[in-house]
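Participant: The task is simple: from the sequences and hints, build the whole structure.
If you're matching them up, the sequences are chains A and B in order.
In terms of my numbering, the first sequence is residues 1 to 240.
In terms of my numbering, the second sequence is residues 1 to 240.
Possibly wrong hints are sitting among the right ones.
In the DSS-like style, the derived pairs of lysine-lysine whose C-alpha atoms are separated by at most 30 Å in a straight line are [as the list claims (entries may be wrong)]:
| # | chain 1 | residue 1 | chain 2 | residue 2 |
| --- | --- | --- | --- | --- |
| 1 | B | Lys99 | A | Lys3 |
| 2 | B | Lys209 | B | Lys94 |
| 3 | B | Lys205 | B | Lys94 |
| 4 | A | Lys139 | A | Lys30 |
| 5 | B | Lys92 | B | Lys139 |
| 6 | A | Lys139 | A | Lys205 |
| 7 | A | Lys139 | B | Lys3 |
| 8 | B | Lys78 | B | Lys205 |
| 9 | B | Lys3 | A | Lys94 |
| 10 | B | Lys209 | B | Lys36 |
| 11 | A | Lys3 | B | Lys139 |
| 12 | A | Lys30 | A | Lys92 |
| 13 | A | Lys3 | B | Lys94 |
| 14 | B | Lys99 | B | Lys205 |
| 15 | A | Lys92 | B | Lys3 |
| 16 | B | Lys92 | A | Lys3 |
| 17 | A | Lys139 | B | Lys139 |
| 18 | B | Lys3 | A | Lys99 |
| 19 | A | Lys99 | A | Lys205 |
| 20 | B | Lys30 | B | Lys205 |
Calculated directly from the structure, the hints in this document are not laboratory data.
Number of protein chains: 2
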Amino acid sequence: MVKAIFFDVFGTVVDWRSGIANAFDQAFAKSGSDIKPLDLADAWRAEIASRLAENSGDTADGAEYTGLDAIHCDALEKVLADADLTHRVGSKEKAALEKSWEHLRPWPDSVPGLRSLRREYVIAPCNPASISMMTWLAKSAGLPWDLILGADIARRYPPAGSVYTRSAAAVGLAPGETMLVSAHNRDLDPARAAGLKTAFFSRPKEFGKAQTSDLAPADAWDVIAFDLLDLARQMEASLI
Amino acid sequence: MVKAIFFDVFGTVVDWRSGIANAFDQAFAKSGSDIKPLDLADAWRAEIASRLAENSGDTADGAEYTGLDAIHCDALEKVLADADLTHRVGSKEKAALEKSWEHLRPWPDSVPGLRSLRREYVIAPCNPASISMMTWLAKSAGLPWDLILGADIARRYPPAGSVYTRSAAAVGLAPGETMLVSAHNRDLDPARAAGLKTAFFSRPKEFGKAQTSDLAPADAWDVIAFDLLDLARQMEASLI
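Facilitator: Take a look at the structure:
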């Protein structure tokens with residue numbers, strides 16, 4: 001029986017792309033309208049993903065762990081430099097951009113779905129984000145987590161299975177008593193390999209109109225839902 | 001300005017003594033009524049405190065950290081042995097006793113006070129308890145924490161100041177942007193030394209009718225309240 005439900009957050013629970021694009025818009029509001037905010041958002045996310053990939057597999061056990069806040073800041077420097085924009089952001093604009101991941105908007109079904117699940121399950125983010133990022137994002141977006149788990153608890157990044165097993169252990173559960181929810185098929189493979197139950201729903205607008213990835217489940221995940229509210233309904237009716 | 005409020009929990013937020021005494025009552029319900037449940041509760045807590053004192057100061061940085069669940073179990077064995085009761089508890093009764101700290105009742109003002117504070121502040125337990133213990137206690141008692149901090153995050157026990165500074169750092173704050181709330185004067189000294197703001201209220205029934213300790217503040221703490229609800233009122237009106 002599942003007792004705790006873990007969540008990917010960026011994309012699955014909140015709409016990162018339009019929020020980050022909006023933050024770029026604001027950062028350059030005074031210096032001209034020639035930037036492409038969605039492209040910058042995509043570039044930042046891609047740069048973060050690339051750095052996380054370097055940090056995930058071979059990180060020694062905790063010794064070399066760098067939290068996501070620092071990775072976000074370094075990746076932002078690179079993205080601004082690549083776009084020749086470094087000279088156009090002051091320290092105040094840069095600080096606002098760095099904090100922009102803490103002010104993203106939830107998808108419309110996210111908060112009611114989480115509230116419903118929280119009545120029966122322990123719910124927690126379990127993703128690459130730092131405890132700090134997830135705490136302030138939850139406060140801003142009204143995400144009713146029971147606690148914050150994930151990379152900072154395991155001192156490892158997904159796809160390392162220990163992110164999930166150590167998060168389960170932190171709440172006194174076996175991996176099979178927990179479930180990972182993600183709108184990204186690639187998140188669910190390592191979670192399943194680590195013994196967790198898995199749940200998928202698509203976020204077809206995460207990457208905009210041109211999205212081609214993660215429109216459907218790529219495997220027979222334990223629960224396949226329409227959105228987070230539908231997941232809550234299915235969990236209420238199920239015996240998983 | 002304080003942005004996050006940390007709490008001692010056992011005694012300050014929940015009534016551990018009557019709950020643990022009740023758990024002993026239930027554990028021995030079938031084997032006779034000759035036990036003294038309040039004495040056993042006091043003995044268990046004293047044994048835990050003594051083991052925590054051994055574990056707090058000189059623990060190497062994370063290397064030798066043992067979580068509170070294991071300490072609770074070992075201390076229970078000792079208390080049962082000392083009272084010549086080991087042979088009278090089966091594995092089921094012992095498991096229920098071990099989990100009894102996750103099913104304590106909040107003081108009447110605790111949940112409304114925390115709900116009120118949560119509107120303006122990040123609120124989290126920050127005490128010797130494990131993440132697991134605090135998660136399931138919160139679920140059982142309805143404590144609306146934003147997240148769980150404390151010993152498991154710092155891998156140290158109070159009175160080590162790093163329990164507080166690392167918990168503050170985990171939510172991206174300087175110690176002075178956080179406050180520790182406790183009904184035990186002795187908790188507040190190391191928190192103040194670590195740079196945190198401090199708040200005290202008395203729990204005059206924590207140790208029963210004969211309580212003589214912590215009936216009043218022992219120092220000029222930043223906030224002195226009547227109870228948790230009064231603390232929430234004072235924080236709403238203050239500029240701390």
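Participant: It remains to establish, for every hint, whether it holds in the given structure.
Facilitator: Do the hints match the structure? See the list:
For the proposed pair lysine 99(B) and lysine 3(A), the alpha carbon gap of about 16 Å is at most 30 Å, so the pair holds. Restraint check for lysine 209(B) and lysine 94(B): satisfied, since their Cα atoms lie roughly 28 Å apart, inside the 30 Å limit. Restraint check: the Cα-Cα separation between lysine 205(B) and lysine 94(B) comes to about 27 Å, which is no more than 30 Å; the hinted pair holds. Of the supplied pair hints, the one linking lysine 139(A) and lysine 30(A) holds, its CA atoms being roughly 29 Å apart against a limit of 30 Å.
Taking the CA atoms of lysine 92(B) and lysine 139(B), the gap is near 22 Å; set against the 30 Å cutoff, the hint holds. With a CA separation close to 24 Å, the supplied pair lysine 139(A) and lysine 205(A) stays within the 30 Å bound. The straight-line distance between the Cα atoms of lysine 139(A) and lysine 3(B) is roughly 11 Å, inside the 30 Å bound, and the hint therefore holds. Under the criterion of a C-alpha separation no larger than 30 Å, the hint pairing lysine 78(B) with lysine 205(B) is consistent with the structure, at around 26 Å.
Between lysine 3(B) and lysine 94(A), the direct Cα distance comes to roughly 22 Å. Compliance with the 30 Å bound is thereby established for this hinted pair. Pair hint lysine 209(B) plus lysine 36(B) holds up; C-alpha atoms about 16 Å apart against a cutoff of 30 Å. Annotation: proposed proximity of lysine 3(A) to lysine 139(B) holds, straight-line Cα distance about 11 Å (limit 30 Å). A threshold of 30 Å between alpha carbons decides the hint, and for lysine 30(A) with lysine 92(A) the separation of about 13 Å falls inside it, so the pair holds.
Between lysine 3(A) and lysine 94(B) the alpha-carbon distance is near 22 Å, which keeps this suggested pair within the 30 Å criterion. For the hint linking lysine 99(B) to lysine 205(B), the alpha-carbon distance of about 23 Å falls within 30 Å, and the restraint holds. In summary, the hint linking lysine 92(A) to lysine 3(B) is supported, as the alpha carbons are separated by about 20 Å, within the 30 Å threshold. The suggested pairing of lysine 92(B) with lysine 3(A) holds, with an alpha-carbon distance near 21 Å, which does not exceed 30 Å.
Annotation: proposed proximity of lysine 139(A) to lysine 139(B) holds, straight-line Cα distance about 19 Å (limit 30 Å). A hinted pair counts as satisfied when its Cα atoms are at most 30 Å apart, and lysine 3(B) with lysine 99(A) qualifies at roughly 16 Å. Taken as a hint, the lysine 99(A) and lysine 205(A) pair is honoured in the structure, with Cα atoms around 23 Å apart against an allowance of 30 Å. Between the alpha carbons of lysine 30(B) and lysine 205(B) the distance comes to roughly 29 Å, so the proposed pair stays at or under 30 Å and holds.
The structure meets every hint from the earlier list without exception.
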